[in-house]
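Protein chains: 2
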Amino acid sequence: MKYAAHINIMPHKALLDPQGKAVTGSMPNIGLPTIANVRIGKHITLELEAANETEAKAIVETACTKLLANLIMESYEYTVVAI
Amino acid sequence: MKYAAHINIMPHKALLDPQGKAVTGSMPNIGLPTIANVRIGKHITLELEAANETEAKAIVETACTKLLANLIMESYEYTVVAI
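Protein chains in written order, with the numbering used here: chain A, 1 to 83; chain B, 1 to 83.
One thing to keep in mind: the hints can contain errors.
The list makes no distinction among identical chains, and a pair is therefore deemed to hold if it is satisfied within one copy or across any two copies.
[As the list claims (entries may be wrong)] Lysine to aspartate or glutamate pairs mimicking EDC-like chemistry, simulated, CA-CA at most 20 Å apart:
#: 1; residue 1: Lys-21; residue 2: Glu-47
#: 2; residue 1: Lys-57; residue 2: Glu-77
#: 3; residue 1: Lys-42; residue 2: Asp-17
#: 4; residue 1: Lys-13; residue 2: Glu-47
#: 5; residue 1: Lys-2; residue 2: Glu-53
#: 6; residue 1: Lys-2; residue 2: Glu-49
#: 7; residue 1: Lys-2; residue 2: Glu-61
#: 8; residue 1: Lys-42; residue 2: Glu-77
#: 9; residue 1: Lys-42; residue 2: Glu-74
#: 10; residue 1: Lys-66; residue 2: Glu-49
#: 11; residue 1: Lys-57; residue 2: Glu-47
#: 12; residue 1: Lys-21; residue 2: Glu-49
#: 13; residue 1: Lys-57; residue 2: Glu-74
No lab work stands behind these hints, which were simulated from the structure alone.
Hey, can you work out the whole structure from these sequences and the hints?
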């Protein structure tokens, strides 16, 4: 079966996110001073073939830990749906 | 009230996503040849103050169009929840 995965990879809460910090600092300049605490990570979508949802999740898990996320600095979460 | 927004910004489907293409090509090397069509965008979380959910959505919409997303190359979607 074919599955689609949606993965969010974010910098750990304890870590400084310089990109997010810069964007937070720019918000008053576009008239939105109430926006705070911007954090920027990655959103990844992919498709895969797997026998069932458990196998699909295992494949996504492997992809995240081995390639997509840097576990020292980032955490990940994902959803897998059949398509 | 305080709201949290989760924003996904992805390259348009019609556009080539070189970063996603490179990652797709690497998947067989880590033993996951069934993964295809990887696309990589941004996941942004932020907090904001607004009187109600409608105003919160309007603020996020402005942030996306004016600063966060490049509408020529990217599309965005978001959810806003009270915290």
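Any hints from earlier that this structure breaks? Give me their numbers in increasing order, please. none
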